[in-house]
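For this one, chain E is given, so just place chain Z on it according to the hints.
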Amino acid sequence: MSQSESKPAAGPVAFFRERFGLDDRSLERALGSALERKVDAADLFFEYTTQDQVALEEGIVKSGDRHVEQGVGVRVQAGERQGYAHSDEISFESLALAAATARSISERSASAETVAVRAGSGPARDLYPVATSPTDVPVERKVRLLEEIDAYARARDPRVKQVMASVVAQHRQVLVAASDGTRVGDARPLVRLNVQVIAADAAGQRREIAFQGMGGRYELERLFDPAAWKPLVDETVRIALLNLEAVPCPAGTLDVVLGPGWPGILLHEAIGHGLEGDFNRKKTSAFADRLGQRVAAPGVTVVDDGTLPGRRGSLNVDDEGTPSQRTVLIEDGVLVGYLQDRLNARLMGMRPTGNGRRESYAHLPMPRMTNTFMLAGEEDPEAIVRSVASGIYAVSFGGGQVDITSGKFVFSANEAYRIEDGRIGAPLKGATLIGNGPDVLTRVSRIGSDLALDDGVGTCGKDGQSVPVGVGLPTLRIDGLTVGGTEA
Amino acid sequence: MSAGRDAVERALARAKRAGAHSADASLVETDAIEARVRGAEIDFVKRSRERVLGIRAFVAAPNGLRTALTSTSDLAPDTIDRMADETVALARATAPDAAAGLPADGFAVDAPDLGLFAEGDRSIAVEARIEDARRAEAAARELDPRIANSEGSSVDSTFHRVVYGNTAGFLGDYEAASHSLFCEPLAQADGAMQRDWWMTAARRLDALEDAAAVGRRAAERAVRRLGARRVATCEVPVVFEPMVARSLLGHLAGCIQGGAVYRESSFLAGRIGESIASELVTVIDDGRLPGGLGSRPFDGEGQPTRRNLVLDRGRLRSYLLDSYSARKLGMSGTGSAARGAGGAPGPAPTNLWLEPGRIPPEEILRRTERGLLVTELIGMGFNPVTGDYSRGAAGLWIEDGRIAFPVEEITIAGHLGEMLAAIDLVGSDLLWVGATAAPTLRVARMTVAGS
Chain E
1 MSQSESKPAA GPVAFFRERF GLDDRSLERA LGSALERKVD AADLFFEYTT QDQVALEEGI
61 VKSGDRHVEQ GVGVRVQAGE RQGYAHSDEI SFESLALAAA TARSISERSA SAETVAVRAG
121 SGPARDLYPV ATSPTDVPVE RKVRLLEEID AYARARDPRV KQVMASVVAQ HRQVLVAASD
181 GTRVGDARPL VRLNVQVIAA DAAGQRREIA FQGMGGRYEL ERLFDPAAWK PLVDETVRIA
241 LLNLEAVPCP AGTLDVVLGP GWPGILLHEA IGHGLEGDFN RKKTSAFADR LGQRVAAPGV
301 TVVDDGTLPG RRGSLNVDDE GTPSQRTVLI EDGVLVGYLQ DRLNARLMGM RPTGNGRRES
361 YAHLPMPRMT NTFMLAGEED PEAIVRSVAS GIYAVSFGGG QVDITSGKFV FSANEAYRIE
421 DGRIGAPLKG ATLIGNGPDV LTRVSRIGSD LALDDGVGTC GKDGQSVPVG VGLPTLRIDG
481 LTVGGTEA
Chain Z
1 MSAGRDAVER ALARAKRAGA HSADASLVET DAIEARVRGA EIDFVKRSRE RVLGIRAFVA
61 APNGLRTALT STSDLAPDTI DRMADETVAL ARATAPDAAA GLPADGFAVD APDLGLFAEG
121 DRSIAVEARI EDARRAEAAA RELDPRIANS EGSSVDSTFH RVVYGNTAGF LGDYEAASHS
181 LFCEPLAQAD GAMQRDWWMT AARRLDALED AAAVGRRAAE RAVRRLGARR VATCEVPVVF
241 EPMVARSLLG HLAGCIQGGA VYRESSFLAG RIGESIASEL VTVIDDGRLP GGLGSRPFDG
301 EGQPTRRNLV LDRGRLRSYL LDSYSARKLG MSGTGSAARG AGGAPGPAPT NLWLEPGRIP
361 PEEILRRTER GLLVTELIGM GFNPVTGDYS RGAAGLWIED GRIAFPVEEI TIAGHLGEML
421 AAIDLVGSDL LWVGATAAPT LRVARMTVAG S
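Heads up: the protein sequence lines correspond to chains E and Z, in order. Counted the way this note's numbering counts, the first sequence spans residues 1 to 488. Counted the way this note's numbering counts, the second sequence spans residues 1 to 451.
Isolated chain E (complex conformation):
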């Protein structure tokens, strides 16, 4: 299809200036208006996002979608209070109106302040440079890729009955201007390939589904490479067929070995959310006031790192303009850090960690994870499996959830096997694993040498807002985790 939108000449700052007339003076005026009463901070968040999706099912590409979203959010902070207003119109008038609404939360008396934005401030690096915006790639190429995937998957095995695949491409441009002088733009590409396979056994008695995906902040071109998508399709077909043979999962407390990569969702649910600054400032997290305490076995080090090039959870700057960083959360078993946005860092007397994120201009930022993973240990992954007398080996998971107050978390396996006498046995039907965040990592008894990050498909939901994230894990043995099967 034709590409009719103007291409940014020199990054997002120039894009918003040229398209919407947002020069430094107008940003300063809007911030000045937001600060008309005594407040602690104000910021503006501009966004212009293009997203497209092409989807295949039943052997044909049935639809193409393209969505353009633009808008601005104005925020004012006074103490613990935040006022927020947003509009899908990016104009000086709508900014002034939004600023007036946002500042109405401040009950303190008037005291005008002026703001000078720092011209030229920008991210010092680009973690995800792309020569071609993923939304500029011709739709015909995406259609061809999906048709190739469909044919390839069906040719793998006659038991493959249904293939669903989609390519999602996003180009998000943001501009943050804040009362502390911050003025920074970021252009964020995001691509994703999803494959689902439904398989049925020869008798037509059982049907099973498998999902796999890959993506990140990189050139869409990478997904077109057969060396990238063929292994993904192979894996999807393999898991769907495997699940046709799956037996009911045991119920009860068992030793669990987690495979590398995506099972890192354990860290995201069990640890990550509970270490977000907002829950700890409000002391609603099971981890509140536990800095410096042991929360994991010796040897367990967990980090959140927004600076990994090209990863789905990475950011040059967060949605408040703070550069992303590598934050150590747990060091050799001891809790050493929280994830912070600006508001919670200020209220807790800590430093922002570049984790202030929001789904879009229509949402308030909150502390959120980026890429969260455990550093590798030294053990041979195969030896870890051999060390288990009776347990399960879980290598792929669906979603998870946590109650940050009680600390209870779940995550659901969709590829798992029985381990008996150190040997991998029958594949198991999907089951939910449940544990207690503050103590699950104290029961880590072996850490593999094979740290892997996931393939770039994670989406985290919090308070109704979704953001892309990454996770990672080396092979890990946890002694005694409740496995929610049906075989009591």
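If you're looking for bench data, these hints aren't it; they were derived computationally from the structure. As the structure is a prediction and not an experimental result, all values here were calculated from the model. Hints should not be assumed to be uniformly reliable.
Derived DMTMM-like pairs: lysine to aspartate or glutamate, alpha-carbon spacing no greater than 25 Å straight-line [to be verified]:
#1 E:K282 / E:E147
#2 E:K282 / Z:D190
#3 E:K282 / E:E80
#4 E:K283 / Z:E220
#5 E:K282 / Z:E41
#6 E:K282 / Z:D144
#7 E:K282 / Z:E220
#8 E:K283 / Z:E34
#9 Z:K328 / E:E147
#10 E:K462 / E:E80
#11 E:K462 / Z:E41
The following block gives chain Z in isolation, referenced to the frame of chain E:
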């Protein structure tokens, strides 16, 4: 409203001129206020205004229609023209599909008053809703000294205007509102913390549950979880409170919506007319329930909404279909096309409920000698293709027909089909807090995994 109709009509006319065989467009305008209070302090106040225009175009091919969809929040006339052109261009790149297209006929002709908003609620000031949140917070904290903290009480008032039109000649619009209050207190004792919540939601402010009552209910639920422990793995009857029983209907809805049925990605595909649940189970979907949070006069394709009998005493009577899945299955549509702002239409429930029985919930507990009362479920452990079910749970243990102690860090597992068939007690306490409602339900036997 007329500006919205103008935008829709402009998009349709332009799509036709660009070569579309047919097209439809929807415009959703949303104005909302939202706030959260923690203790006596305001956490945030938020005001939103959004408009999204979605355009779907079909392009003729020898063996079907090609489809594409675009959306934009920029409603300038030249942007609408450009998006309409782009939609048609994008459609040319997709494959012809014999089942694609607008509904052939049967568009809504009536405009029933479904009580979707109260005129007087439009002038509601954010301060009044903040006061609701404050009352809920105060009532929660007054209930018990062990409630000293909270995630806060949130309120929201949202006003929608929806315009939908298509090139088959339908053009309709309606307005709707929704208001809610959500309270989430924390109870603390002996170094442990527990949270729980309660909420109310309605089309009219005067239909909301009293704010203080919401706060007290939330606080009672949090306090009763203190001292929770695990239980040994076992097989017992499992009683679902109405608030969590709703999730079973949500899973059922995912398995009877047309997309999952024609793709055969549901264990209930091809089972119309079969008995798939206990005779105690009757499920209805009704898009015209007065004041219902799922009510609307017409669906996302201009078809009149209606009452669909989904499960009649355990027998599967109807799927929920939009026009596409109806054509794929050779069935009639059920007025079930849902369409989010800017998105494609797809089949979904409107107001979906399980008919209450005659047994009070206390009686259900009395009749349960030993078992689990589930008050919260977490995780996504349901597989609609196989029906396999395994979720994290918290609740109250039942011994000798009475609540004995709170439990947590357990899972419940089974198969949705077997669970529906094993429902042996249905409560009289149908609870409406959204568009899906259920009474207390007892499943005769499930696996509880614990220590």
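Hints, verified against the model:
{"no.": "1", "hint": "E:K282 / E:E147", "in the structure": "violated (51 Å)"}
{"no.": "2", "hint": "E:K282 / Z:D190", "in the structure": "holds (19 Å)"}
{"no.": "3", "hint": "E:K282 / E:E80", "in the structure": "holds (10 Å)"}
{"no.": "4", "hint": "E:K283 / Z:E220", "in the structure": "holds (20 Å)"}
{"no.": "5", "hint": "E:K282 / Z:E41", "in the structure": "holds (12 Å)"}
{"no.": "6", "hint": "E:K282 / Z:D144", "in the structure": "holds (19 Å)"}
{"no.": "7", "hint": "E:K282 / Z:E220", "in the structure": "holds (21 Å)"}
{"no.": "8", "hint": "E:K283 / Z:E34", "in the structure": "holds (23 Å)"}
{"no.": "9", "hint": "Z:K328 / E:E147", "in the structure": "holds (21 Å)"}
{"no.": "10", "hint": "E:K462 / E:E80", "in the structure": "holds (20 Å)"}
{"no.": "11", "hint": "E:K462 / Z:E41", "in the structure": "holds (22 Å)"}
Of the numbered hints listed earlier, the single one contradicted by the structure is hint 1.
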